[in-house]
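Colleague: Next come the chains, spelled out residue by residue.
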Amino acid sequence: MKTVKLKKQVLLKGGSILDPIKATLKKGDVLIENGKIQSVGKVTAPKAADVVDCSGLIVTHGFCDVHVHFREPGREDKETLDSGSMAALAGGFTRVCVMPNTEPPLDSPESIRYTIDRAEECPIHIHPIGAITKGQDGKELTEMGAMLSEGAVAFSDDGLPVTDTGMMRNALEYATMFDVPVINHAEDLCLKKDGVMHEGTVSTHLGLPASPDITESNMVHRDLELTELTGARLHVPHVSSAKSTDHIRQMKKSNNKITAEVTPHHLFFTDEDLTTYNTHLKVAPPIRTKADRKALIKAAKDGTFDCIATDHAPHTIEEKEGTFDLAPFGMIGLESCFGAVNRVLVKENKMDIIRLIQMLTINPRKIMGIETDLYGEGNPAELTIFDPDEKWTFSKTDIYSRSHNSPYIGKSLVGRPKFTIVKGYRTESVRQSKTNSK
Amino acid sequence: MLQQKHLLGLEGYPAEDIQTIIDTAFTFREVLDRPIKKVPSLQGKTIVNLFFENSTRTRISFELAQKRLSADTINFSASTSSLKKGETFKDTAQNIEAMKIDAVVMRHPTPGAPLHLTQHINSIVINAGDGTHEHPTQAILDMTSLHEKFGYLKGLKVGIIGDISHSRVALSNIYGLKIMGAEVTLCGPSTLIPPFAEDLGVSVNYNVDEVIEWADALNVLRIQRERMGGGLLPSVREYRNLFGITTERLSMHKKEIVIMHPGPMNRGVEIDSAVADSDQAIILDQVLNGVASRMSILYLLLGGKQEKGES
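Taken in sequence, the protein lines are chains A and B. Note that the working numbering has the first sequence beginning at 1, numbered continuously upward. Note that the working numbering has the second sequence beginning at 1, numbered continuously upward.
The hints are simulated quantities; they were obtained by calculation from the structure and are not laboratory data. Computed from a prediction, not measured in an experiment: that's the story for all the values here. All C-beta atoms, glycine included, are put in the ideal place defined by N, C-alpha and C. Hints are not guaranteed to be accurate.
Stated by the list, open to error - As a list, the in silico DSSO-like pairs of lysine-lysine whose alpha-carbon atoms are at most 27 Å apart:
(1) A:47 to A:8
(2) B:90 to A:396
(3) A:290 to B:178
(4) A:411 to B:90
(5) B:67 to B:45
Said to hold, decoys possible - Just some of the chain B residues that point at chain A, by a computed CB distance under 8 Å:
(6) 11
(7) 168
(8) 171
(9) 196
(10) 197
Sequences are here, hints too, so could you generate the full structure?
Modeller: Structure representation (structure tokens):
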């Protein structure tokens with residue numbers, strides 16, 4: 001993904017402006033001066049401005065993903081903060097929150113500082129999420145106060161659940177002092193055992209060890225009740241089952257400190273797609289049934305889910321080429337995200353495009369306490385320009401991540417980010433690079 | 001000869017091909033009764049027996065079948081730990097392929113591994129058991145044995161008794177028997193019956209006496225001792241009381257019933273010695289039919305077509 005420095009004056013001309021705060025979508029232009037928003041809507045453009053033709057495209061806030069794994073430090077063979085940034089830009093993301101399950105994990109103020117310093121050099125904004133417990137082993141709390149001072153935005157032992165209920169209570173209690181979200185990867189490991197997929201008809205046919213939906217919903221319910229008890233903020237990641245969805249919907253009615261995310265892959269695939277033992281579809285929590293998928297789509301539409309998060313999880317070809325039991329859990333997802341969720345939610349299930357964009361822009365920023373007023377005059381330009389209708393087939397050449405573990409290769413997607421503007425740069429048009437490369 | 005290039009499993013396998021395999025197995029049974037038990041059918045063909053998991057009887061059965069057909073055979077036993085240490089599955093597969101072979105018979109602890117193998121090599125792949133998924137040649141030999149005994153499979157009532165969840169023999173038998181029109185009832189401790197078993201088109205009954213009353217034949221599966229005392233089964237005594245195929249239990253039913261067992265048996269656990277050695281047991285016929293069935297499968301997959309040059 002090549003980026004070019006923004007000219008002194010840049011005019012995004014002839015597109016529609018989607019304002020996720022005002023919930024409006026209307027024709028208009030955007031003028032950027034010295035990398036900052038000058039005006040949005042009706043613009044008197046100076047003659048010298050560099051014009052970006054946005055006809056037929058929608059201009060909106062830069063997408064924000066609260067759940068990615070960029071593997072730095074430790075597994076730079078899978079992804080680095082730089083290569084992950086390129087994947088993000090290709091997917092229209094200007095801002096991501098990186099999970100702390102690196103090697104070593106981000107479990108100290110020093111490691112948070114390291115990530116913040118490294119992120120400075122990257123072409124997108126990167127916020128570290130700190131570990132809940134030291135070494136992510138579920139035993140000792142991390143120095144949350146100091147980690148927040150260094151720039152952490154939330155806490156999670158993602159990849160691993162906080163199994164000990166007493167420990168999870170303590171973490172939530174402690175986090176109330178700072179009013180930051182705690183994110184728990186909800187899977188009851190005693191029930192999961194060696195399960196590698198969802199337990200159902202398909203797993204019975206495939207002979208693969210599997211775990212039922214309550215492996216997740218049981219722990220989600222526990223966390224929701226602990227949130228009631230402690231008054232802490234809980235963000236539920238990658239919700240995969242109808243049951244968890246029901247618990248969250250119910251609890252949210254009386255508790256405004258609960259937020260939840262859903263991934264593109266849980267919205268796009270079902271366990272029936274695993275019949276070829278495709279290791280790219282081995283994820284945790286697993287991809288579940290048609291009925292679960294339907295419930296997730298409903299929950300995305302009715303607001304039970306606040307945001308879309310990719311859980312972008314790069315793994316090497318070597319690891320994913322192994323047999324199903326040995327392959328690690330996870331798939332990449334930044335580049336394919338918008339085309340997948342736009343197809344499923346907006347095109348196939350009639351969700352309002354404004355709602356979807358809110359789930360990709362202001363909602364995730366609110367959860368992480370990040371500025372949402374991106375159209376304010378003088379604010380640094382952080383924008384995504386996308387084609388809402390382009391039908392395209394996702395291929396290997398669309399991947400900018402260092403890893404290629406994507407089950408979307410060969411899948412038809414609808415809608416595509418065209419330009420991403422952030423930190424004074426914009427990406428080269430996807431349209432151009434596409435014609436060049438083929 | 002057969003519609004599919006490989007034999008990966010019996011799920012969705014054509015009924016007419018299963019019948020062809022069984023019929024051909026019977027012709028090879030005759031070969032095995034001759035003084036010279038060898039035919040030149042697969043002369044010049046090279047078959048690799050690739051066993052990533054310990055196996056005695058399946059490997060010997062395959063090797064004998066190959067030798068009886070005059071194929072060249074190579075045995076390769078790799079421990080899975082060596083794969084975990086470094087070499088990828090793909091490398092192992094492609095290395096073997098590079099040695100110019102015609103077919104691979106593979107046993108592997110992971111479900112789906114044979115399908116995976118077909119994505120990396122061009123040779124014919126025969127699944128000799130993939131974890132808790134399928135063991136199609138065992139199911140074929142079981143069906144050959146049932147066909148030999150009864151003369152038909154359609155409408156036959158077969159009870160499969162024991163640890164169904166961890167059994168590739170059970171799953172392949174279920175697929176195969178259903179395709180051939182037989183009826184199947186699963187019977188075993190509820191912790192060892194897979195969830196959603198009914199979706200396979202079978203019945204589940206926890207009362208072994210009712211199953212004995214209903215069935216024409218019982219396929220008794222091995223109960224592994226490591227399942228005992230864990231979370232799945234309390235004890236051998238409890239299992240024997242509830243599901244053991246004992247002399248006393250069979251004598252209470254005034255009917256003839258055929259007893260099968262894929263081996264290796266735990267005498268005194270899932271089956272009594274007296275039952276295993278009785279006339280109603282066809283366990284040793286299964287073993288002989290195993291060689292004949294595997295000869296049939298190898299012959300039909302490898303022997304049918306003549307190479308027609310490069311074009």
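Colleague: All hints, please: hold or fail.
Modeller: Outcome of the hint check:
| no. | hint | in the structure |
| --- | --- | --- |
| 1 | A:47 to A:8 | holds (12 Å) |
| 2 | B:90 to A:396 | holds (20 Å) |
| 3 | A:290 to B:178 | holds (26 Å) |
| 4 | A:411 to B:90 | holds (25 Å) |
| 5 | B:67 to B:45 | holds (11 Å) |
| 6 | 11 | holds (7 Å) |
| 7 | 168 | holds (7 Å) |
| 8 | 171 | holds (6 Å) |
| 9 | 196 | holds (5 Å) |
| 10 | 197 | holds (7 Å) |
This entry satisfies every hint, going by the numbered hints stated previously.
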